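K.L.:
Residue-level listing of the chains:
Protein chains: 4
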Amino acid sequence: MMASSRANLEFLKRYFARDVFAESCGIELVEASNGTATAVVRIEERHLNGIGIVHGGLLFTLADMAFAAAAHTRGHVSVSVSSTISYIKAGRGKTLLAKAREIARNRRLATYAVDLVDETGEVIAAFQGLAYVKNDPLPDLGE
Amino acid sequence: MMASSRANLEFLKRYFARDVFAESCGIELVEASNGTATAVVRIEERHLNGIGIVHGGLLFTLADMAFAAAAHTRGHVSVSVSSTISYIKAGRGKTLLAKAREIARNRRLATYAVDLVDETGEVIAAFQGLAYVKNDPLPDLGE
Amino acid sequence: MMASSRANLEFLKRYFARDVFAESCGIELVEASNGTATAVVRIEERHLNGIGIVHGGLLFTLADMAFAAAAHTRGHVSVSVSSTISYIKAGRGKTLLAKAREIARNRRLATYAVDLVDETGEVIAAFQGLAYVKNDPLPDLGE
Amino acid sequence: MMASSRANLEFLKRYFARDVFAESCGIELVEASNGTATAVVRIEERHLNGIGIVHGGLLFTLADMAFAAAAHTRGHVSVSVSSTISYIKAGRGKTLLAKAREIARNRRLATYAVDLVDETGEVIAAFQGLAYVKNDPLPDLGE
Numbered sequence: 026m027m028a029s030s031r032a033n034l035e036f037l038k039r040y041f042a043r044d045v046f047a048e049s050c051g052i053e054l055v056e057a058s059n060g061t062a063t064a065v066v067r068i069e070e071r072h073l074n075g076i077g078i079v080h081g082g083l084l085f086t087l088a089d090m091a092f093a094a095a096a097h098t099r100g101h102v103s104v105s106v107s108s109t110i111s112y113i114k115a116g117r118g119k120t121l122l123a124k125a126r127e128i129a130r131n132r133r134l135a136t137y138a139v140d141l142v143d144e145t146g147e148v149i150a151a152f153q154g155l156a157y158v159k160n161d162p163l164p165d166l167g168e
Numbered sequence: 026m027m028a029s030s031r032a033n034l035e036f037l038k039r040y041f042a043r044d045v046f047a048e049s050c051g052i053e054l055v056e057a058s059n060g061t062a063t064a065v066v067r068i069e070e071r072h073l074n075g076i077g078i079v080h081g082g083l084l085f086t087l088a089d090m091a092f093a094a095a096a097h098t099r100g101h102v103s104v105s106v107s108s109t110i111s112y113i114k115a116g117r118g119k120t121l122l123a124k125a126r127e128i129a130r131n132r133r134l135a136t137y138a139v140d141l142v143d144e145t146g147e148v149i150a151a152f153q154g155l156a157y158v159k160n161d162p163l164p165d166l167g168e
Numbered sequence: 026m027m028a029s030s031r032a033n034l035e036f037l038k039r040y041f042a043r044d045v046f047a048e049s050c051g052i053e054l055v056e057a058s059n060g061t062a063t064a065v066v067r068i069e070e071r072h073l074n075g076i077g078i079v080h081g082g083l084l085f086t087l088a089d090m091a092f093a094a095a096a097h098t099r100g101h102v103s104v105s106v107s108s109t110i111s112y113i114k115a116g117r118g119k120t121l122l123a124k125a126r127e128i129a130r131n132r133r134l135a136t137y138a139v140d141l142v143d144e145t146g147e148v149i150a151a152f153q154g155l156a157y158v159k160n161d162p163l164p165d166l167g168e
Numbered sequence: 026m027m028a029s030s031r032a033n034l035e036f037l038k039r040y041f042a043r044d045v046f047a048e049s050c051g052i053e054l055v056e057a058s059n060g061t062a063t064a065v066v067r068i069e070e071r072h073l074n075g076i077g078i079v080h081g082g083l084l085f086t087l088a089d090m091a092f093a094a095a096a097h098t099r100g101h102v103s104v105s106v107s108s109t110i111s112y113i114k115a116g117r118g119k120t121l122l123a124k125a126r127e128i129a130r131n132r133r134l135a136t137y138a139v140d141l142v143d144e145t146g147e148v149i150a151a152f153q154g155l156a157y158v159k160n161d162p163l164p165d166l167g168e
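Chains as they are written, first to last, in this note's numbering: chain A, 26 to 168; chain B, 26 to 168; chain C, 26 to 168; chain D, 26 to 168.
Derived from the structure by calculation, the hints contain no laboratory data. Just so you know, not all the hints are guaranteed correct.
It does not matter which identical chain is used: a pair holds within one copy or between any two.
Said to hold, decoys possible - Derived pair list, reagent style DSBU-like, types lysine-lysine, alpha-carbon separation capped at 35 Å: (1) Lys119 x Lys38; (2) Lys124 x Lys114; (3) Lys124 x Lys159; (4) Lys114 x Lys38.
Please read all numbers here as calculations on a predicted model, not as lab measurements.
With the rest of the complex left out, here is chain A (with noise of 0.2 Å):
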């Protein structure tokens, strides 16, 4: 599947800037290209749940990112349709990434498996998203 000349990382980059919640989570997207992505969260306090280890929502909330920017390297737009989030062991790390890779993709629907890993590359949480395909080609974002 050709990839359109705009879904490169620095034009993801930009699409994705208007993300705003992941962006006041403090989450980055640092890679995505041909139904990859990943995305990049420094762990701070506010990051944390009840007891002291990383939230699910923001484990969840990182992986999402890595999910859209994957599927948009397709050169369309598209919605997210469900999720599923597993938990393999607390995350304690000081750096988390969300590697995002095309499982399947047909004309109208794809599906990402995530692993969230921390610094020590040790997977902490499997994410898979499933998305559906709109006509839309991704938009001009201008200059």
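Chain A is fixed; fit chains B, C and D onto it per the hints.
P.N.:
Positioned in the frame of chain A, the structure of chains B, C and D alone reads:
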């Protein structure tokens, strides 16, 4: 199933007040008893995604609070194992509620369904969470 | 949402009678209208697993029939995208029913929840299915 | 994690031979060790659905066998808690394999991913299962 006398709304509000991430998202617990719970958030600009609707990560975090509180009404500490969220329609409301109810619960595992509704009562997303129940009773939070 | 006049129980029974696997499992469609459907199976020795309770694969197949029939009541061909089943208690009943209801439906995607209940009305498993709706109307099955 | 000496392929084949439903579907366990397992089925007319492709219920049952066998390689009895299947492409192969691998496992909960592939190696569906691990070691099956 008997809830411990400790697992009431006032206790659970104090217990979940320690959840820094949910707190920083503006999420508040407003009801919790006998396997049910409700959490609420007033939608602000910072909760939106790149296309101007409520971010899936905020919806997930809201649902997760109601799920966790409902699970803790039974008087034992529990941890989330996995959760699924399905998006039904774009969230454009001013106030969103997450309403959790118990689907099944045995000594070790408990499943909760959470409806995410806007102020008109319309369901915008459906969440399901599985919790692992520990032996630990709810802690003493002091005065 | 208008169901086509074709999508009634008699039509859907004939349509799903072509489902050889469900048929060979002894599964029968008994109700289908307006986004709901019920399928039934009388439990036999051959439906059990190694520990003498109803096999998860049979429960899944029963739920899948109710899900598919409910989705087809809307008058369009649809295909299953993904499904989740959660086991609540051991199935030991003599007759099991799968009761599907519509959770959400738009032009392309539709979600159904299916309760699997025994003859006492107890829920033994919960199923959720996502269908992709095609443009194709239900076919003409002739006389 | 040490597997008990009992949890080898010969033992597990005898253990799962008691699974009448899988047996009646023609499903066979062909590999199992150290958190992985493979089950196989030769596709027959009776495995198809109404549109002539492999029935989701058969795919699910095939994946469930590989999942259960992989979970039991660790030497303890376990039971399935929940499973999700996502359909990737229509199954039209003559022989289908389910290949399970361990994603995460702690003392009580274990997650397995299962790829369903046809004889050309193409993935037609992806399954994920969560098992609850009991204290019980695998039983003595006698001679």
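K.L.:
Indicate, hint by hint, whether the structure satisfies it.
P.N.:
Tested hints:
1. In this assembly of identical chains, Lys119 and Lys38 lie within 35 Å of each other by CA distance both inside one copy and across copies; the values are 23 Å within and 28 Å between.
2. Taking CA atoms no more than 35 Å apart as the test, Lys124 paired with Lys114 passes in both settings, with 17 Å inside one copy and 24 Å between copies.
3. For a Cα distance limit of 35 Å, the shortest separation of Lys124 from Lys159 qualifies both inside one copy, at 23 Å, and across copies, at 31 Å.
4. In this assembly of identical chains, the alpha carbons of Lys114 and Lys38 lie at most 35 Å apart whether taken from the same copy (30 Å) or from different copies (26 Å).
The structure meets every hint from the earlier list without exception.
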